[in-house]
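Engineer: As a plain string of letters, each chain reads:
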Amino acid sequence: MSPIFYLLAAITVAGGLATVLLKNLVHCALAVTIAFLGLALLFLSLDAQFAGFVQILVYIGAVAILVVFAILLTREAEVPESSPAGRVFSKTWLTGLVIAAAVFAMLGWAVLQSAQALPNETAMPAVSVRDIGNALVGRYVLPLEIVALLLTAATIGAVIVAMHEKEAK
Amino acid sequence: MSGMNVPATIDQIFILFTDWVAHFFPAAIRPIVGVVLGVIGIISVFPGLFALTTVFERKGLGRMQNRYGPNRVGPFGFFQPVADGIKALTKEDVVPFRADGVLHFLAPVVLLAAVFMGFAILPVGRNMVLVDMDAGLLFFFAMGASTELSVFMAGWSSRNKYSLLGAMRAVAQMISYEIPLLLSSVVVIMVAGTLSLPKIVEAQAGYTGIWPHWYVFTPWGLAAFLMFGIAATSETNRSPFDLPEGESELVAGYFTEYSGFKFAIFFIAEYLAMFSMSGIATTLFLGGWSAPLSFLNVLPSWFWFFSKVMCFIFIFIWVRGTLPRLRQDQLMNFAWKFVLPFTLLDLFVTALWRFMGEGWARWIVCSAILIAAYVAMGRVGMFRKNFAHRRYRYAE
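Residue numbers (the numbering used here), protein chains in the order written: chain A, 1 to 169; chain B, 1001 to 1396.
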């Protein structure tokens, strides 16, 4: 664990905390991009260039923008202090905490198990973008095609939902 | 420099200079010195080019609009950017009372940082690339995508309806045109088989007779190049896609509420994005730093790179002086109903090209498919418009 790891981890956690603690929704959306960026830099510090850059491209370039647009198009960015949504801690905070802890424990367990599942992995495998590409259109071509079909269906569905309905006369 | 002839020395002069400076330092920190010198080169050359381009643009537009352009400061007005810079630095920095101070300050900083990052992977000459990444092209697009957020930050934090509308337009436009931009460069990746920009340049090296093996001289390459050009123009918010800052509707778009040097930073970032886009287009389709004809290789590689970039800049200015601005719905229709389908078709044609193997048959088949598609699209479009003979109406 190098100092760089701790620095990046601190940035990521700070971004995540700011996301849930800030009052203004747009500030929250911008804070979550800091967490995304921290994750991307963690990937890069592990020599996973492809994952790191795709993280930036997809999460900062698209997901964060989508979140911001959704906030702006649906409601006021600033919620008054008096309304129930205005408080940082909602009434169901205990349930939320339990669910979050359960998900975290599950992920942590999976990560710790992987050391036993792959005992022979000593050195870091050098994975180039070319290897990822070959794996995607070779071994994992069926999942890729299924995802493509799903996304196409979702796009067509979105267009149909957004289309103007013809007025019945 | 024993053993090297004069053209090769001039070609590598910046590398030799960097090595010469680095040898004054202890061996442990020499790589860091090299990187720092490279960064200094990037942050001095491209803004310098920006200053030059503003004069060229104003004079070029002036010529196209039958007026003089700047001609007061210095010989032929070439010191105009100095005067503009002093003006921007000495102006008061006005921040709106209700603005979100932190975001308002951060937006130009983040924008400029993201735009500068894009230059890190550009091969500006033989052996002249700051970072040779395995996933270089992906890095460039990742940096390009993160400029969108700073544009939004600028527009939203200003608390101004024009700023917010401009930012929404800008983000919608950049997302829409990012897809064809990425897809038209995927075509090059398919043929070159790599995401590393120096390797893409290598893949286009070599000459048949005196003619270069650039990707733009293949049917799929030409189609992708045109689409890339359209998407790049839109991605950098240049005319005819400059709706986000359409001054007749939105004052100045997302940077309406910026003044002084912060305004200048948005201006610089826009031009730097133009340079990096032109550099990527040069690398992907025009053979990067290689000479256009085999016997012109005596001139240094960086000269050819910057010449090609400046040709793109000239085309940007030319288009700006020629075409009227699109309307918002026309912009979106153009992206989703014309640029995107034809980029997808080009993707298909490129796959065909890749699997038909060497020979002249693939030239005929690929060209025929592309030409047929474009001609059919044009004919159907004209037919639908029902163009009749032009009738003139006069005020009577």
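Everything labelled a hint here was simulated from the structure, so no lab data went into it. C-beta: ideal position from N, C-alpha, C; glycine also. A couple of the hints might just be wrong.
One-sided and incomplete, this derived list gives chain A residues near chain B with beta-carbon spacing under 10 Å [stated by the list, open to error]:
| # | residue |
| --- | --- |
| 1 | LEU17 |
| 2 | THR19 |
| 3 | LYS23 |
| 4 | ASN24 |
| 5 | LEU30 |
| 6 | LEU37 |
| 7 | GLY52 |
| 8 | PHE53 |
| 9 | VAL58 |
| 10 | GLY61 |
| 11 | LEU66 |
| 12 | PHE69 |
| 13 | GLN113 |
One-sided and incomplete, this derived list gives chain B residues near chain A with beta-carbon spacing under 10 Å [claimed, not checked]:
| # | residue |
| --- | --- |
| 14 | ILE1015 |
| 15 | ASP1019 |
| 16 | ALA1088 |
| 17 | LEU1103 |
| 18 | PHE1152 |
| 19 | LEU1352 |
The calculated label-pair distances, taken between Cβ atoms and stated as ranges, are [said to hold, decoys possible]:
| # | chain 1 | residue 1 | chain 2 | residue 2 | range |
| --- | --- | --- | --- | --- | --- |
| 20 | B | ARG1098 | A | ALA62 | 21 to 31 Å |
| 21 | B | ARG1325 | A | LEU112 | 39 to 49 Å |
| 22 | B | ASN1071 | A | ASP47 | 48 to 58 Å |
| 23 | B | VAL1102 | A | ILE4 | 20 to 30 Å |
| 24 | B | ILE1029 | A | VAL161 | 21 to 31 Å |
Engineer: Now, for every hint given, state plainly whether the structure supports it.
Structural biologist: Evaluation of the provided hints:
At its closest, the beta carbon of LEU17 of chain A sits 17 Å from a beta carbon of chain B; the interface hint therefore is violated under the 10 Å criterion. Interface hint status for THR19 of chain A: violated, as the beta-carbon distance to the closest one in chain B is roughly 15 Å, over 10 Å. Nearest Cβ of chain B to the Cβ of LYS23 of chain A: about 12 Å, over the 10 Å cut. The hint is violated. Given the 10 Å rule on beta carbons, the hint for ASN24 of chain A holds: about 8 Å separates it from the nearest Cβ of chain B.
Annotation: interface hint on LEU30 of chain A holds; nearest CB of chain B at approximately 7 Å, less than 10 Å. Contact between LEU37 of chain A and chain B, as hinted, is supported at the beta carbon level, the nearest pair being about 8 Å apart and thus within 10 Å. Proximity of GLY52 of chain A to chain B holds as hinted, the smallest CB-CB distance being about 8 Å (cut-off 10 Å). Among the interface hints, the one on PHE53 of chain A holds; its C-beta lies about 4 Å from the nearest C-beta in chain B, closer than the 10 Å criterion.
With its C-beta approaching chain B no nearer than about 8 Å, VAL58 of chain A sits inside the 10 Å limit, and its interface hint holds. Because the smallest distance between the Cβ of GLY61 of chain A and any Cβ of chain B comes to about 3 Å, under 10 Å, the interface hint for this residue holds. With 10 Å as the threshold, the beta carbon of LEU66 of chain A comes within range of chain B, its nearest partner Cβ sitting at about 9 Å, so the hint holds. With its C-beta approaching chain B no nearer than about 7 Å, PHE69 of chain A sits inside the 10 Å limit, and its interface hint holds.
For GLN113 of chain A, the suggested interface contact is broken, since its CB lies about 30 Å from the closest CB of chain B, more than 10 Å. With a least beta-carbon distance of about 25 Å to chain A, the hint placing ILE1015 of chain B at the interface is violated under the 10 Å criterion. Checking ASP1019 of chain B against chain A by beta carbon gives a least distance of about 27 Å; that is not within 10 Å, so the hint is violated. A cut of 10 Å between beta carbons decides the hint on ALA1088 of chain B: the least distance to chain A is about 27 Å, and the hint is violated.
A distance limit of 10 Å between C-beta atoms decides the matter here; for LEU1103 of chain B the minimum to chain A is near 7 Å, and the interface restraint holds. With its C-beta approaching chain A no nearer than about 6 Å, PHE1152 of chain B sits inside the 10 Å limit, and its interface hint holds. At about 16 Å, the closest approach between the beta carbon of LEU1352 of chain B and any beta carbon in chain A exceeds 10 Å, and the interface hint on this residue is violated. In this structure, ARG1098 of chain B and ALA62 of chain A meet the distance hint of 21 to 31 Å, their C-beta atoms being roughly 30 Å apart.
At roughly 58 Å, the beta carbons of ARG1325 of chain B and LEU112 of chain A sit outside the given window of 39 to 49 Å. At roughly 55 Å, the beta carbons of ASN1071 of chain B and ASP47 of chain A sit within the given window of 48 to 58 Å. For VAL1102 of chain B and ILE4 of chain A, the hinted distance range of 20 to 30 Å is satisfied, since their beta carbons lie about 26 Å from each other. Between ILE1029 of chain B and VAL161 of chain A the beta carbons are some 58 Å apart, a value that contradicts the proposed interval 21 to 31 Å.
Hint compliance for this structure: hints 1, 2, 3, 13, 14, 15, 16, 19, 21, 24 are broken, all remaining hints hold.
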